[in-house]
Each structure stands twice: as structure tokens, then as C-alpha cells.
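What follows is the residue order along each chain.
Number of protein chains: 2
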Amino acid sequence: MPPVENKIILPKSELPTTWYNVLPDLPEPMGPYMTPGGQPVSPSDLAGIFPQALIDQEVSTERIHSIPEPVLEALSIWRPTPLVRARRLEQALGVSSRIYYKDESVSPSGSHKSNTAMAQAFFNRQAGITRLTTETGAGQWGTALAIAAKQFGITARVYMVKVSLEQKPYRKVIMNLMGAEVLPSPSQETQAGRRALEENPKALGTLGLAISEAVEEAASRPDTNYVLGSVLNHVILHQTVIGQEVKKQLALAGEKPDFLIACHGGGSNFGGLVSPYVKDILSGQKIRAIAVEPESCPSLTAGEFRYDAGDSAGFTPLMPMYTLGTSFQPPAIHAGGLRYHGSSPIVSALLKSKVIEAAAVSAADCFKFAQMLAWSEYVIPAPESSHALALTCLKALELESAGKPGCLVFTLSGHGLLDLAAYQAHQD
Amino acid sequence: MPPVENKIILPKSELPTTWYNVLPDLPEPMGPYMTPGGQPVSPSDLAGIFPQALIDQEVSTERIHSIPEPVLEALSIWRPTPLVRARRLEQALGVSSRIYYKDESVSPSGSHKSNTAMAQAFFNRQAGITRLTTETGAGQWGTALAIAAKQFGITARVYMVKVSLEQKPYRKVIMNLMGAEVLPSPSQETQAGRRALEENPKALGTLGLAISEAVEEAASRPDTNYVLGSVLNHVILHQTVIGQEVKKQLALAGEKPDFLIACHGGGSNFGGLVSPYVKDILSGQKIRAIAVEPESCPSLTAGEFRYDAGDSAGFTPLMPMYTLGTSFQPPAIHAGGLRYHGSSPIVSALLKSKVIEAAAVSAADCFKFAQMLAWSEYVIPAPESSHALALTCLKALELESAGKPGCLVFTLSGHGLLDLAAYQAHQD
Chain A
909 MPPVENKIIL
919 PKSELPTTWY
929 NVLPDLPEPM
939 GPYMTPGGQP
949 VSPSDLAGIF
959 PQALIDQEVS
969 TERIHSIPEP
979 VLEALSIWRP
989 TPLVRARRLE
999 QALGVSSRIY
1009 YKDESVSPSG
1019 SHKSNTAMAQ
1029 AFFNRQAGIT
1039 RLTTETGAGQ
1049 WGTALAIAAK
1059 QFGITARVYM
1069 VKVSLEQKPY
1079 RKVIMNLMGA
1089 EVLPSPSQET
1099 QAGRRALEEN
1109 PKALGTLGLA
1119 ISEAVEEAAS
1129 RPDTNYVLGS
1139 VLNHVILHQT
1149 VIGQEVKKQL
1159 ALAGEKPDFL
1169 IACHGGGSNF
1179 GGLVSPYVKD
1189 ILSGQKIRAI
1199 AVEPESCPSL
1209 TAGEFRYDAG
1219 DSAGFTPLMP
1229 MYTLGTSFQP
1239 PAIHAGGLRY
1249 HGSSPIVSAL
1259 LKSKVIEAAA
1269 VSAADCFKFA
1279 QMLAWSEYVI
1289 PAPESSHALA
1299 LTCLKALELE
1309 SAGKPGCLVF
1319 TLSGHGLLDL
1329 AAYQAHQD
Chain B
909 MPPVENKIIL
919 PKSELPTTWY
929 NVLPDLPEPM
939 GPYMTPGGQP
949 VSPSDLAGIF
959 PQALIDQEVS
969 TERIHSIPEP
979 VLEALSIWRP
989 TPLVRARRLE
999 QALGVSSRIY
1009 YKDESVSPSG
1019 SHKSNTAMAQ
1029 AFFNRQAGIT
1039 RLTTETGAGQ
1049 WGTALAIAAK
1059 QFGITARVYM
1069 VKVSLEQKPY
1079 RKVIMNLMGA
1089 EVLPSPSQET
1099 QAGRRALEEN
1109 PKALGTLGLA
1119 ISEAVEEAAS
1129 RPDTNYVLGS
1139 VLNHVILHQT
1149 VIGQEVKKQL
1159 ALAGEKPDFL
1169 IACHGGGSNF
1179 GGLVSPYVKD
1189 ILSGQKIRAI
1199 AVEPESCPSL
1209 TAGEFRYDAG
1219 DSAGFTPLMP
1229 MYTLGTSFQP
1239 PAIHAGGLRY
1249 HGSSPIVSAL
1259 LKSKVIEAAA
1269 VSAADCFKFA
1279 QMLAWSEYVI
1289 PAPESSHALA
1299 LTCLKALELE
1309 SAGKPGCLVF
1319 TLSGHGLLDL
1329 AAYQAHQD
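Which chain is which? The protein sequence lines are A and B, in order.
Be aware that the first sequence starts at 909, since it is given in the working numbering, and climbs by one per residue.
Be aware that the second sequence starts at 909, since it is given in the working numbering, and climbs by one per residue.
The set of hints was computed from the structure by calculation and includes no laboratory data.
Think of the CB as a built atom: it goes at the ideal place given N, C-alpha and C, for glycine as much as any other residue.
Warning: the hint list may mix true and false statements.
[What the hints assert, rightly or not] Cβ-to-Cβ under 10 Å is the rule here; a few derived chain B residues that face chain A:
hint, residue
1, 917
2, 952
3, 955
4, 1015
5, 1055
6, 1063
7, 1287
8, 1323
9, 1325
10, 1328
11, 1331
12, 1335
[To be verified] So these bits of chain B aren't anywhere near chain A, every CB distance computed over 12 Å:
hint, residue
13, 949
14, 956
15, 972
16, 981
17, 1014
18, 1102
19, 1156
20, 1161
21, 1189
22, 1209
23, 1212
24, 1235
25, 1239
26, 1268
27, 1332
[Said to hold, decoys possible] Computed list of chain A residues with no C-beta within reach of chain B, every gap over 12 Å:
hint, residue
28, 1106
29, 1215
30, 1237
31, 1309
Model the full structure from these sequences, guided by the hints.
This is the structure:
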């Protein structure tokens, strides 16, 4: 019996050459970003920290955006990524459903974050920017940005949530190896950081505060812009290569998805998978798209839909989104990338319109199914990705009980080889 | 311009179905393994710790060995592995030579060790063995064995060199995650370990001592066998899938190799790449095959060719090999997989007959070219693999100076994502 090929691999020639903008597909138009004073934010208000090309993408009404040649070249280093049929996981679960995972862990940073990092670094370089600041939680985004900055010859400074930096010192090693500077947040470098340290010298840090620090620094220096790893419309735009590839790969496998499942922190991983399917869902195709978050940080499932700031200090515009409030202090769970009070305006709008669903899973289920994936597929998922995995497994078991197996697709947004402290905590 | 495909990927149908035994190709027959008393070791002497199938392979005079179906199935989880043209590394070096690396880092354990781990676990299970002991230095072999034991339903206990365990706690996390037990060596579990701790309670451990502990335990329990991750003939046999795939992949690229380069600790990585080429070299093809070791642990380049034991306590047979002596205490360099006093009898025989060459590289060069690989290809090599990388880069620069570019192939035996402490040490 010849070995079975479980990976659906597209040739380089099938790399998507455009991004898909879902904004025109939203059933209700998204409300504008607002200033704290209650005025709509104008594109020029953002010009201090973003290049014009990204501001244009943020509010674009065009569905199709060409990917510039240098970005295509950078993406082609690792894309298209494999879609993998997880047959051994199916056997371990004892289900007859077909489970596929889109393997974004093969990128230079080990996660999907590289998709937008390369694009954002390019557009900033094109605009003459030579220095970028950003924040990172788990370290995946910081790593992706460090590599993208290296690719396009830009200096990068990364504010890393202090608790994550302490849990994951090796993330800093990689970022440093790639030439980026890494500071623990709260830091003494910004007013926002100093204020937080005055209030609590032992503050663990939050993603919201790290964003404040990175934005504050970028706003104060003309050579420096700010880049964000998730939440914003242009970030989700860049991630739509994921869903476009999945569509082609499922077609090659002769499959149509019943479930599209991705974890949700700021929303870019989920939005990137689902955006290219929104028109299909609206036209009546029976696809359940589910964003998965931790029970301990339930922005979508327990948050309120309202205008709120993206950061804790209130430097960012107010955005219409599901939020737990900027003062929400997430517990120090290890899925650092999901420790965010807010959510993506696009994902929020899709949820509010009931185009998609949201679900929360427990840390215990995440670890249980992560170990099952490790034992069956020999893949150790990032703690973030284990949320998508856990819901996929739970749904597959539900379908089995109901006698209605189906096709489930989830995003393995990253590998867990740099997050083994999280696994260690469960073993001890 | 369409994106260039740098990876040469073979379909599953091209997975080698046989192993290539180089023993019959050696210009001079290898001397038999000897007992400490000076008698040739008989196959039955090994039966206490190895299954018959592996003993047969150890002394086989057949060139072609069929790979059993369950091993093929296990290998097909990740094989064939890609051969990658490192164009961006070539540009960074400024050379017109073509550099290829065989990417063994894509295995479940992140290194080439899985190739033989799967085979050894299978043959032991087939012989009714339910428990395996082994040693590990850097942790790559222990990880590979833990996964292979899981695959074939065997319990595994890993003696890990203490200094490596302290430098790389996350290797233990993975081995535990896969269900294996991990003990620091020297341990209190064996006579060899207790003796070492009596002599020096703070002993850092060596690969030789960890082997003694694992062998002692296996010899004392009928349900337990011992498995070794390198050195022995049957281990090199299992690794020949590497060289066989490289041959096919280079043919697809229209290339013939001028250099075949791999790092050398116990010899299996190098032997696996080069064995299928030995007949070609002997028949006059101009291929320079070079085994690379650290300057600080120079078994091949500064050792003596003589009979010596494979472990420090003298439990193993005496083997004809290049050795620094069993009392050699390697410095705590981070390439733990290369901290071994001896070498593979096959590689030693090839070196003595001048079929292959050996070279030593400095830690500074390893780090320098590892950073260049990270900056150009966005790949972080295992410290072991950085030795092969460094020599490849140095040779490519030499060829460039001489105006004679060529085709260089090295094995990326593993990735460095679990070895970031080594990089951290260079950064601090």
C-alpha cells in the first residue's frame, strides 16, 4: 500500500496575487472610527503613525487589492502553506468527520503573523519610514515583525508584555537574532509605561498597555511608524491569503467546508480564514464559521458591542467592537496572543450580523486536545491555536454523536515549540 | 516574474523503500567488535540489549535492505524531506556556487534522528520488547525516541546528559508530553551513575556515561532493550534514506554534487548522507564528502584510530574507530549532539581509507554563519547543523576566490528552535 499524502500543497504559481477586502460584503456598513471627543476619525488623523497605503486599505470599498511584487516575493518564501488532512487525529478522536488544518506554522516566524508583517513593513519602507515600533503579547507578532523589518531594511523596536517576556525568554533571543530591539512593557521609555509602573511597580503588563507605549513612541518621532499585528481592517486584509488558499485546496480535495474554525485574539487569523467565504455564507451556503476564544478572556462571547479604544491609555481611535473594556486585566494564561480586551471591528460586525459565531473553550480542553494532536499528528500547536483545535475536536465529536459527520477546517495559526512553558505548567 | 520554487520536493511515491548498507563498499573490511578481554563479539553477546533484526543489520553483507511496511508508514508522515536551494544564503555570501540543504528539521522531532528512532522502535516491538532505554545529549535523539516509542506503543526512559537537561529544559517537556520518562545523567538509578556521583556530586554528565546508564539498565531487565541514536552500523543504515533522496532530488535539479557536507557527532547524519555515494566516489566521481566536528571535540581530526569502548564505563563492545579516549571530558559547548569522545566505525573506516575527509570548525564561525542563515533564509539551524553550514559557507567562499564555483550540499540535520539558549549565550 503506497503511503497516503495528507498534505494538499499548492505550487508557487497558485500563490494568491490579490488580497480580498471583506468590508464591502458586510451586511451593515461598519461605523467610522471615532476620536475620544466623538468626531469621526479622518484618514489624516492616522497619518502620524501609518503610511497612506495602509490608511487607504483600512477604509477601502474595493474588494480586490493587488499584492505588490516585493510582498509577493517575501510571501513566496513559505507560501502557499499546506492544508493537512489530520487522519491520525480523526482516528484518535474516533470520528468519521474529515478534519483539515491550514498549517500557518511553516512561516519564518512560526505563525500566520508573517503574512501581514511582510506587507506592513513593505508599505512603510515604500513611504520612507526607517523605524517601526510595535507591541507583542505571546511574541509571535514581534518575531514576525522582526523578520519582516530585516527583509525590508527597517529598524524595529518591540514592546513585549512583561509577563510574556518572562515566560518566553527565547522569543526575545530570536527577535534579537533578527536584529530587533525588545523591551519589557510597561517600560520607562514612554509616559504610558512610566504611569503604569508608578501605579504598580510589579505590573505584569497587558497587550493594551504595550500598544499604548508603541503608539506613543511612533507618534512622537517622524522617522518612526507604528505597526499592529491584528484588529485593524488592513491587517485582516493581508491575512486573506489564508482563506483564499484554503478554498483552492479544499476544491482540490473535492471538499466543501461545514465548519471554518480559528482562534480569536485580535481577529486577524479568524478574519483571514473567513473573509473569502463571507459572500458564500451570505448567499446561503451552509458554512458555520466560528471564532474561538479562551473562557478567561471572552471578548466576543461575554463582551459588549460598543465603541471602545484599542489600547489601555486611549491613544488609539475608538472602534465599534465587542469589548471587555480597556481596564480588563486578563489572567496570566499562557495563550498570550489571546489576552486582549477588544476584538476586530470586522469580526465584531460579522458576529453582530450573525454571519459568524463565537465560542469559548476551557484551558483544560485546550491542553487535552493539544496533547492528542501531539500524540497523533506529532504536531505541538501554539497555545492560541489549541483553542481552534479544541473546538474543532468538540464539534467533530458532536457531529459523530448526531450521526452526521462533516468537513471541519481549522487554522493551525502557529506551532508551540516556543511556548513549551505553557505545556510545562500543565505537566507540573 | 513568477515566484521561484527553491524547494525540491519528492512525492510520497518516491519515498525510498529500501535502506542502503555501505559495509560491502568499504575498501578494507571493518574489524569485528571486540570484548574487553580481546575476543571478537558474537551476535549472541548483543542479544541481551538488541533485537535480532538489528544485530543482523549490524553485521550484514547485503547492500539492500527492505524497509518494513510499518516503518515506511511512519517515515511517510514527514518524508520525503525537501532539498532546498539556499539562493538567499548564496546572495548573502556573495558566491556563485549553488548551495543546497537537505532539510531534516521537518521531522516530528525536528531532526534526522526520527529516521532511525522509528525503525529501532519497530524492530524492538516486533521482538516483543515493551520498554526501551536510551541516552540523549542535546535532546534531539531522546525526543525522536519518545515519539517513535509512542508510535509503536512502547514505554521509553531517557537518560539525558545533566548539563544538557539544565540548558534545555523544554526538551524534557516535549519528551514528557509524548509520554517518555526523562532522568538527568548521572542518576542514582544505575551503578554507573552512582559511581560517577560519588566521584563528583556535581558531575555535568557526558554522552558516554549516559550510554553506560541506559545499557546497564537494559541489560538487567528482560522486558527492556537499549537503543542508540548514532555510531552503530544499523543506525547509519536507517539514515541512508537521506542520501538516497538527495540523489533523486539533485538529479531533478540537473545537478551533481561537488561537496557533500554534514556535521559529525556519532556519525549517523553524515553516514546517512554519504553512504549512497561511496560507490560513486570509489568509481572516480569527484565528490568531496566532509564530516564536520567542533574544534573543541575533534574525534576525527585529532583522535587516534584504534579499538575503544563506546561508553565511559566500558559496557559496550570495543569498536575500531577514531577516538579521543573514553575519559575525554568535552567542554560544555552547546552543540550537545557533538559532545562525544568516539565516532562511527563506518565513518572511521571511510576516513582511514581516504574515501571521505574530516574538518573542524570554530564556535565563532558556527554562530556567524548561523546568523547569516537566519538573516537570509529565515531558518535557525540546530547548533550541530551550524557546523555543516559553517564549513559549507567557508568552502563556497574558497571556491569563489579560486574562481571555481560548484555545487555544495549540506544536511540541515535539525532546527534550532529548542536550542535558543545556545544563541542567547552568544548574544550576552
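Unsatisfied constraints (hint numbers, rising):
2, 3, 6, 16, 17, 27
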